[in-house]
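Novice: Turn these sequences into a full structure, and let the hints steer you where they fit.
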Amino acid sequence: MSWSPETVARAERIMQRYPERRSAVMPLLYLSMLEDGYLTDDGMREVAEWTGLTPVQVKSVASFYGMFKLRYTGKYLVSVCTSISCMLRGADDVMAAVEDEAGVPHGETDDDGVIAVEHVECIGACGGAPAVQVNYELIEGITPEQARDLVRWLREEQPDKIVADDLQERFGGTRSFDWAIRETEGAVGPFPAFGPYGTVAEEDRS
Amino acid sequence: MADLVKITVDGKEIEVEAGTPVIDAAIDNGTYIPHFCHHSRLEPVGLCRMCLVELETPRGMVLTPSCTLPASEGQVIHTKTPVVDKAQEGVLEFLLINHPLDCPVCDKGGECPLQDQTLGYGPGESRFVEEKRHFEKPVPVSDLVLLDRERCILCSRCVRFAEEVAGDPLIEITARGNQAHIETFPDEPFSSYFSGNTVQICPVGALTATAYRFRARPWDLRKVESTCPHCTAGEAIEIDASQNQVLRFNGIDADATNQGWLSDKCRFGFEFIGSAERLTVPLVRDGDGFRESTWAEALDLVAERLGAVIESRGGEAVAGFGGARGTNEDAYAFSKFMRAVVGSNHIDARMDDAPAAELLAAVQPRATIGDLDTASTILLWGPDLKEEAGTLYLRVRQAVQKRGAKLVVVHPRRTGLDDRATWKFTYRPGTGFGTLEAFASGAGDFAEARKALDEGPVVAVVGLTGMTEDPTLATAVAAFAAGLPDAKILPVARRSNTFGALDMGCAPGLLPGRVSFGDADAVAAFEAAFGAVPDHAGLDTSGMLEGLANGDLAAAVLVGADPVRDVPDGALARRALEAADFVVALDLFLTDSSSLADVVLPAEGFAEKEGTFTNLEGRVSKVNRIVAGPGQTQPDWSILEEIARRMGRPMGFDSAETVAEEIATVAPAYADLRWRDVERKKPEGVLLDGGWYTPKAPAGPDVDADMVLHLARTLYDDGVAMRQSLSLHHLAPGGVAYLHPGDAERLGVTEGDQVVVVGSAGEATLPVRFDPSLPAGVVYVPFNQAGVPSLGAGAAVEVRSA
Ligand code: SF4
Ligand code: FES
Ligand code: FES
Numbered sequence: 002m003s004w005s006p007e008t009v010a011r012a013e014r015i016m017q018r019y020p021e022r023r024s025a026v027m028p029l030l031y032l033s034m035l036e037d038g039y040l041t042d043d044g045m046r047e048v049a050e051w052t053g054l055t056p057v058q059v060k061s062v063a064s065f066y067g068m069f070k071l072r073y074t075g076k077y078l079v080s081v082c083t084s085i086s087c088m089l090r091g092a093d094d095v096m097a098a099v100e101d102e103a104g105v106p107h108g109e110t111d112d113d114g115v116i117a118v119e120h121v122e123c124i125g126a127c128g129g130a131p132a133v134q135v136n137y138e139l140i141e142g143i144t145p146e147q148a149r150d151l152v153r154w155l156r157e158e159q160p161d162k163i164v165a166d167d168l169q170e171r172f173g174g175t176r177s178f179d180w181a182i183r184e185t186e187g188a189v190g191p192f193p194a195f196g197p198y199g200t201v202a203e204e205d206r207s
Numbered sequence: 003m004a005d006l007v008k009i010t011v012d013g014k015e016i017e018v019e020a021g022t023p024v025i026d027a028a029i030d031n032g033t034y035i036p037h038f039c040h041h042s043r044l045e046p047v048g049l050c051r052m053c054l055v056e057l058e059t060p061r062g063m064v065l066t067p068s069c070t071l072p073a074s075e076g077q078v079i080h081t082k083t084p085v086v087d088k089a090q091e092g093v094l095e096f097l098l099i100n101h102p103l104d105c106p107v108c109d110k111g112g113e114c115p116l117q118d119q120t121l122g123y124g125p126g127e128s129r130f131v132e133e134k135r136h137f138e139k140p141v142p143v144s145d146l147v148l149l150d151r152e153r154c155i156l157c158s159r160c161v162r163f164a165e166e167v168a169g170d171p172l173i174e175i176t177a178r179g180n181q182a183h184i185e186t187f188p189d190e191p192f193s194s195y196f197s198g199n200t201v202q203i204c205p206v207g208a209l210t211a212t213a214y215r216f217r218a219r220p221w222d223l224r225k226v227e228s229t230c231p232h233c234t235a236g237e238a239i240e241i242d243a244s245q246n247q248v249l250r251f252n253g254i255d256a257d258a259t260n261q262g263w264l265s266d267k268c269r270f271g272f273e274f275i276g277s278a279e280r281l282t283v284p285l286v287r288d289g290d291g292f293r294e295s296t297w298a299e300a301l302d303l304v305a306e307r308l309g310a311v312i313e314s315r316g317g318e319a320v321a322g323f324g325g326a327r328g329t330n331e332d333a334y335a336f337s338k339f340m341r342a343v344v345g346s347n348h349i350d351a352r353m354d355d356a357p358a359a360e361l362l363a364a365v366q367p368r369a370t371i372g373d374l375d376t377a378s379t380i381l382l383w384g385p386d387l388k389e390e391a392g393t394l395y396l397r398v399r400q401a402v403q404k405r406g407a408k409l410v411v412v413h414p415r416r417t418g419l420d421d422r423a424t425w426k427f428t429y430r431p432g433t434g435f436g437t438l439e440a441f442a443s444g445a446g447d448f449a450e451a452r453k454a455l456d457e458g459p460v461v462a463v464v465g466l467t468g469m470t471e472d473p474t475l476a477t478a479v480a481a482f483a484a485g486l487p488d489a490k491i492l493p494v495a496r497r498s499n500t501f502g503a504l505d506m507g508c509a510p511g512l513l514p515g516r517v518s519f520g521d522a523d524a525v526a527a528f529e530a531a532f533g534a535v536p537d538h539a540g541l542d543t544s545g546m547l548e549g550l551a552n553g554d555l556a557a558a559v560l561v562g563a564d565p566v567r568d569v570p571d572g573a574l575a576r577r578a579l580e581a582a583d584f585v586v587a588l589d590l591f592l593t594d595s596s597s598l599a600d601v602v603l604p605a606e607g608f609a610e611k612e613g614t615f616t617n618l619e620g621r622v623s624k625v626n627r628i629v630a631g632p633g634q635t636q637p638d639w640s641i642l643e644e645i646a647r648r649m650g651r652p653m654g655f656d657s658a659e660t661v662a663e664e665i666a667t668v669a670p671a672y673a674d675l676r677w678r679d680v681e682r683k684k685p686e687g688v689l690l691d692g693g694w695y696t697p698k699a700p701a702g703p704d705v706d707a708d709m710v711l712h713l714a715r716t717l718y719d720d721g722v723a724m725r726q727s728l729s730l731h732h733l734a735p736g737g738v739a740y741l742h743p744g745d746a747e748r749l750g751v752t753e754g755d756q757v758v759v760v761g762s763a764g765e766a767t768l769p770v771r772f773d774p775s776l777p778a779g780v781v782y783v784p785f786n787q788a789g790v791p792s793l794g795a796g797a798a799v800e801v802r803s804a
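First to last, the sequence lines map onto chains A and B.
Last residue of the first sequence: number 207 in this note's numbering, and the count goes up by one each step with no gaps.
Last residue of the second sequence: number 804 in this note's numbering, and the count goes up by one each step with no gaps.
No lab work stands behind these hints: they were computed from the structure.
Since the model is a prediction, treat every value here as computed from it, not as a measurement.
Glycine included, every Cβ here is placed at the ideal spot set by N, Cα and C.
A portion of the hints provided could be inaccurate.
Restraint ranges, calculated between C-beta atoms of paired labels, are given here [what the hints assert, rightly or not]: (1) B:GLY179 x A:SER177: 48 to 58 angstroms; (2) A:ASP93 x B:ASP5: 36 to 46 angstroms; (3) B:SER193 x A:ASP43: 12 to 22 angstroms; (4) B:GLY48 x A:MET68: 23 to 33 angstroms; (5) B:GLU800 x A:ASP43: 53 to 63 angstroms.
Specialist: Below is the structure:
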């Protein structure tokens with residue numbers, strides 16, 4: 002067993018919620034990502050052990066979903082929304098700026114392993130389009146120039162904590178009227194920045 | 003049985019079972035609906051959309067996949083409307099977008115559903131001008147199967163087979179959309195014993211078999227239906243050959259037996275037929291070696307030497323081994339040869355590797371394989387079916403997995419079915435009788451499982467769990483099962499036509515047609531038919547070997563028998579054959595046994611001769627010829643007839659069919675059963691009825707020792723057919739001693755260390771592997787592995803660090 006005792010304890014709590022072992026595959030995959038930064042072969046083997054699936058069945062699930070990363074995706078993952086609202090508001094230019102400044106195309110991580118770039122489908126911020134996320138923390142109304150600044154800032158500062166409010170202040174533009182994020186904690190890399198819904202995060206707080 | 007409902011397909015009203023997928027209902031009633039992902043032995047998924055039909059609904063016609071549409075009363079379906087045509091064209095145009103169309107170099111080209119359906123239902127042209135996707139190719143998904151991903155149409159047949167049927171979900175579709183592809187996990191290949199089936203059901207050439215890849219074009223193949231020669235389940239197969247070479251076996255969907263599936267041993271174990279090491283001319287001993295001879299010389303020599311033994315010591319000084327590796331006709335000729343020509347009842351096809359002959363041949367009430375489909379509880383107390391009877395294993399698995407039958411497994415270690423067992427009991431070899439007693443009384447942990455057996459229908463699958471087990475334990479288990487209120491018994495043994503050979507009287511206590519020596523009238527009938535039937539008590543395999551070794555017996559006839567490899571005490575077999583005055587072997591190869599013979603006669607093998615086969619439920623099916631035997635080979639019956647003639651007692655056979663004719667005339671259970679009757683019932687064959695043996699419980703002693711041996715067979719071993727099938731030979735596990743980690747600790751060894759296992763008849767030095775499924779104090783050694791000396795059948799052994 003290669004997981005840390007804390008991760009094992011979390012996994013045990015997750016397992017209790019699923020009478021059918023295999024149903025726990027998704028939350029356990031998040032755990033595995035938290036443990037290693039991305040889904041390693043060993044991590045997927047581990048999840049297979051817990052769930053009674055075979056590793057390739059676990060991989061079949063993991064590889065279906067875009068937010069399960071099967072490769073290392075940098076210290077900061079910059080996700081540019083290119084769905085319709087953002088696209089109409091100039092997302093293609095934002096994407097081009099991010100790729101150019103980071104020096105890597107969609108789906109890749111730069112040589113230093115600091116910045117990874119991807120384009121994603123609608124992230125639910127259409128009202129503040131175009132939108133970008135860094136480690137799933139949101140910035141709205143961003144321009145191509147601000148996007149360049151953002152990438153440069155990430156590379157130079159390499160902040161330990163990424164917080165949406167802070168990013169929005171530094172690099173954002175017009176916010177949507179229902180901006181509701183008031184997280185002071187923010188992302189605590191590596192990926193994913195959040196615990197499985199209603200499971201780990203909740204219980205860890207208690 | 004479910005209710006019948008009426009549905010209308012293209013204006014034709016048909017009656018089907020409610021819930022049948024409409025696609026099957028239509029196809030079975032003569033209306034073909036094209037499809038890729040649908041397979042009648044797999045769960046429907048509706049992935050490929052090729053089977054779209056129009057269904058009349060209150061809201062008008064809807065286009066819907068017919069494979070996921072269960073038949074219900076009054077449905078009206080149209081399969082050939084302009085809308086359906088357009089949908090089919092669209093689906094095919096999509097499927098071909100990424101397909102490489104490399105048909106000229108694809109094994110499947112010429113028998114490919116994608117190719118055929120593109121011709122039949124395709125758009126004729128494509129609008130796709132972009133670049134197709136590319137993958138590295140081919141990648142091995144197992145030792146026997148290769149994958150060309152760009153040909154794959156993602157129907158998931160292979161994935162569903164692996165999970166639903168084989169129970170080895172090691173192959174999956176990964177990623178999504180345009181990236182989706184078939185994959186195995188790194189370092190975890192699709193090493194299923196059943197991987198080859200995916201090659202057969204893949205509707206394109208994405209999965210190909212290493213043993214067949216690039217060997218032939220389908221239109222050059224000649225085909226014949228036959229019965230698989232490897233295990234006792236009697237799978238229906240198609241043999242494909244080209245230029246007098248057997249190139250492939252495919253499974254045929256015979257509902258009663260294999261339902262289309264084959265284990266990889268059955269599917270790829272055909273290579274031995276064309277092996278360059280096949281015997282092609284008679285060999286006569288010359289000092290330490292052999293010299294080639296003419297048939298006339300060799301046969302004269304056999305007749306003379308056997309005649310001399312009979313003259314001086316009587317027919318009962320001759321032992322006959324084998325019969326299970328050939329057809330019923332060969333076995334009958336052997337049985338008659340021993341009884342009527344030689345005058346000996348010493349004949350045994352079981353080679354010390356099967357329970358009592360009466361149990362196998364004539365137990366009642368006897369179950370069929372199909373009874374597993376309706377059993378509420380299945381008791382499996384016998385070999386690990388995954389290793390020894392692959393398609394039977396699949397059938398039991400399916401009964402539990404699909405239908406929820408309860409399964410009780412009793413075995414000395416883990417078996418392939420443990421993951422599906424409702425109850426699993428492990429015991430030390432040698433303590434079977436005590437375990438049975440406790441089980442039968444429902445004591446302790448056994449209570450629930452024992453109770454489940456009181457409610458029928460129950461099928462008890464009974465055989466030897468291993469070779470160190472007292473063979474009468476199987477009889478005792480069968481006796482226990484026979485005493486249950488509603489149970490039938492399915493006896494299992496491993497070697498190919500064992501059941502046919504026993505039915506033909508290749509056992510000391512039996513005469514052809516399941517006749518017992520206790521049945522005076524039937525024996526009298528044989529006396530009339532054979533001229534005479536010897537009345538001395540016959541010896542079984544180990545009795546004959548001991549007799550030869552100590553001089554009580556003087557000569558041996560081996561018909562496709564390799565006692566040195568086949569029996570647990572190989573050293574005794576070697577001594578026996580060396581001590582014998584005269585040994586004649588009818589064989590395909592110079593084996594460890596036939597190389598000790600005085601005369602070796604080259605025999606025709608499977609696919610080279612015609613005849614019949616009887617499977618473990620007593621079902622007779624046809625074995626057919628498609629290639630000529632190499633060189634001067636002859637079928638066994640003909641060789642035996644030639645010897646008989648030279649000994650002045652011809653048996654009266656001049657073709658395999660004349661042997662069959664005699665069987666139909668004299669063998670009661672086979673009365674009036676002729677080849678044409680069997681052919682007419684293909685692919686299932688004819689189920690015979692002729693059981694008279696109600697097992698009685700013999701009380702046996704348990705063995706008490708610090709360490710006991712579990713000696714059992716694995717699917718792949720070092721038997722001669724495997725050794726000569728190059729695709730499979732390297733898959734044998736080799737020599738290993740499996741120990742419980744606790745025992746290993748006690749012995750001061752760990753994985754990879756060498757231990758010496760001292761058995762009742764030999765010792766071997768073997769590397770240790772851990773097996774926590776073993777009870778403490780048990781060492782498991784796979785039988786008949788290359789380079790491992792035989793250990794003997796005694797349960798008590800000594801194990802020490804080397
Ligand atoms: S490899 Fe063949 S059987 Fe498997 S999904 Fe692809 S096309 Fe279907
Ligand atoms: S389209 Fe970009 S957030 Fe919805
Ligand atoms: S056969 Fe019905 S969707 Fe594939």
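Novice: Next step is simple, just say for each hint if it's right about the structure.
Specialist: Hints versus structure:
1. B:GLY179 x A:SER177: 48 to 58 angstroms: 30 angstroms Cβ-Cβ, so the 48 to 58 angstroms window is violated.
2. A:ASP93 x B:ASP5: 36 to 46 angstroms: Cβ of ASP93 of chain A to Cβ of ASP5 of chain B: about 60 angstroms, so the range 36 to 46 angstroms is violated.
3. B:SER193 x A:ASP43: 12 to 22 angstroms: holds (20 angstroms)
4. B:GLY48 x A:MET68: 23 to 33 angstroms: Because 27 angstroms falls inside the window, the suggested range holds.
5. B:GLU800 x A:ASP43: 53 to 63 angstroms: The hinted range 53 to 63 angstroms is violated for GLU800 of chain B and ASP43 of chain A, with Cβ atoms some 41 angstroms apart.
Hints 1, 2 and 5, counting from the list given before, are not met by this structure.
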